[in-house]
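Can you build the whole structure from these sequences, using the hints too?
Protein chains: 2
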Amino acid sequence: VRIVELPEIEAVLDEDAALAAVEDGFRRMQRGGVHLAEVSHLAFGDPPGDCHVKGGHITGDAVFVFKFATSFYRNPELGLSSSNGFMIVVSAQTGEQLAMLRDQGYLTDVRTALAGAISARAIVRPGSKVLGIVGTGIQARMQARMIARLLGLTDVLIHGRSMDKAKALAAEIGGRAVALPELCARADLVVTTTPSTVPWLRAEMVRPGTRIVAVGADTPGKQELETELTGRARVIVDSRVQCVDHGEAGWAVRAGLIASDALIELGALLERPIAFEPDEIVVADLTGVAVQDIAIAKTVWNRLAAA
Amino acid sequence: VRIVELPEIEAVLDEDAALAAVEDGFRRMQRGGVHLAEVSHLAFGDPPGDCHVKGGHITGDAVFVFKFATSFYRNPELGLSSSNGFMIVVSAQTGEQLAMLRDQGYLTDVRTALAGAISARAIVRPGSKVLGIVGTGIQARMQARMIARLLGLTDVLIHGRSMDKAKALAAEIGGRAVALPELCARADLVVTTTPSTVPWLRAEMVRPGTRIVAVGADTPGKQELETELTGRARVIVDSRVQCVDHGEAGWAVRAGLIASDALIELGALLERPIAFEPDEIVVADLTGVAVQDIAIAKTVWNRLAAA
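First to last, the protein sequences are chains H and P.
Just so we're aligned: the first sequence equals residues 259 to 565 in the numbering used here.
Just so we're aligned: the second sequence equals residues 259 to 565 in the numbering used here.
Rather than coming from a laboratory, the hints here were simulated on the basis of the structure.
It is possible that some hints are incorrect.
Partial list, computed: chain H residues near chain P (C-beta under 7 Å) [as the list claims (entries may be wrong)]:
#, residue
1, Leu300
2, Gly353
3, Glu354
Using C-beta positions, here's what the derived DEER-type ranges look like [claimed, not checked]:
#, chain 1, residue 1, chain 2, residue 2, range
4, H, Glu263, P, Leu515, 52 to 62 Å
5, H, Glu296, P, Gly303, 11 to 21 Å
6, H, Leu338, P, Gly303, 34 to 44 Å
7, H, Tyr364, P, Arg460, 53 to 63 Å
8, P, Glu263, H, Ala301, 30 to 40 Å
Since the model is a prediction, treat every value here as computed from it, not as a measurement.
Idealized CB from N, CA, C, for every residue including glycine.
Below you can see the structure in the form of structure tokens.
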């Protein structure tokens, strides 16, 4: 087995190939060509933490992938990252382990940003110019970069709980830190990237025609968009089951504002693009699905194997 | 993460410590002190194969363990082992990966043999002298060695589908290759170790008072003991759920010969030993449980960490 550490992963990752692989993964998931293993989970109480193992195989692929990830929330008190994990790439011909990608969460960050960019491209209004980013962490930075690259939205407004961090990020990526009302008033596309449990975006703030990509809600209890806002939007989901369980869509479904079968899966949207009305509010609710992990790990492995 | 290859694992494994840890694992499972993750599984059709990921944590342990195992049945045609896999030892304090044990199935073989020896000790008739082994593979060899060591049964009879292999194994471990009727007529304790789907031991062959440890049946369809034999025996199971699903016990339960709540879990037997009647037939049905993997991986890690 080849043990691959983060610097080598960063060096070989081809973002264009990864983008294509993740998009292809969503399409194949829609067509029924992805086998996902049951998620295996352990929870810890003292100190609090959890461990998730997810994996799957895209039919026809030479490899399959499992991702092992832990979160121990008090690690920062010890000077350690709360997240740890790796992806394992395995031959679908022999079951032999080919590579252990010790990515320290990097590939998860990238595949999340790629799904954001893919969703943004699928829902963006033609002629859009201004990107609004809510949050100042890794996803804020990555989403801004990917979307600027893919859609050419280089006029970037940033809002965060800490305006100092928003200013720092704005300086870094060439954007501008603004108050939330200004961001909502000017952005054509808003990407929310925070682990908030209190919604940032209220229905009354958001203009008709705004397109929103929400990547923060990935476990029950998290919410970045007011239920009323999601309830009145056209909602795209990366996985109907997951988003009803713990995404933005779930809040609106539970409130009776939207039916779960009205949710449109991202794979279906990619296969059959929709011409949204110019003044429709469209929300892409991304909770993160295993096919993204499979796709990005496969991309890295293909480069390693070819080298 | 420390990558540990098979030779180092073999060098540091302390069988006494592993035996104690596996027995302790069964007891703790009984007392409710083991958290097991859901098993994650992928099946492959062309070529046929499967992948299982199992893991768990024994309450209070400093580490938890996941085992990743694949079986690709046509690998031998390529000159490869059908089985591949590893165990990963993770800190239960921080979620950091401590070691990847690349044991090539060795630790699974050992923990299976240890469970056989632990079961044998719990059900053996006082004064027993003769051990009968059915099968000639790795488990036949390992069970013979462990049971001889733990119970002092050094008069060993061996039967296998291939009498040449039975003779070779007999020569290696100092036993004698015999026909099955002779084995049944003389053995006090019989250990069946084959992946058979056709029962070896028929009810009429087995003398009253015979104690049987069956380790072969680990997936649906496998069966080493005639249903009638299991149905008239006192049956110990490593896991009621697993043994009803795919162990020897399942055949007798489905035939209506035994009630599933009459099955006695090994952990319960260890906690509250039973004085079996001298002429009772007692069967220990072992399908393999995750706590064995956790226990043996922990044992290896403790030695590595102390060194």
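Taking 53 to 63 Å as the hint, is the beta-carbon distance of H/Tyr364 and P/Arg460 inside that range?
59 Å, holds
Assuming the hint says 34 to 44 Å, is it satisfied by the Cβ distance from H/Leu338 to P/Gly303 or not?
Given a distance of about 42 Å, which is inside 34 to 44 Å, the answer is holds.
Given H/Glu354 as an interface hint, is its Cβ closer than 7 Å to any Cβ of chain P?
Since chain P brings a Cβ to about 5 Å from H/Glu354, closer than 7 Å, the hint holds.
Please check whether H/Glu296 and P/Gly303 have a Cβ separation lying inside 11 to 21 Å.
18 Å, holds
Classify the hint on H/Gly353 as holds or violated, based on whether any CB of chain P lies nearer than 7 Å to its CB.
Where the cut-off is 7 Å and the nearest Cβ of chain P is about 3 Å from H/Gly353, the hint holds.
CB-CB spacing for P/Leu515 and H/Glu263 relative to the 52 to 62 Å hint:
Holds, at about 56 Å.
Let's test the interface hint: is any C-beta of chain P closer than 7 Å to that of H/Leu300?
Because about 5 Å separates H/Leu300 from the closest Cβ in chain P, which is inside the 7 Å limit, the hint holds.
Is it true that the C-beta distance of P/Glu263 to H/Ala301 lies inside 30 to 40 Å, as the hint says?
Since the Cβ atoms of P/Glu263 and H/Ala301 sit about 32 Å apart, the hinted range of 30 to 40 Å holds.
Hint violations for this structure: none, all hints satisfied.
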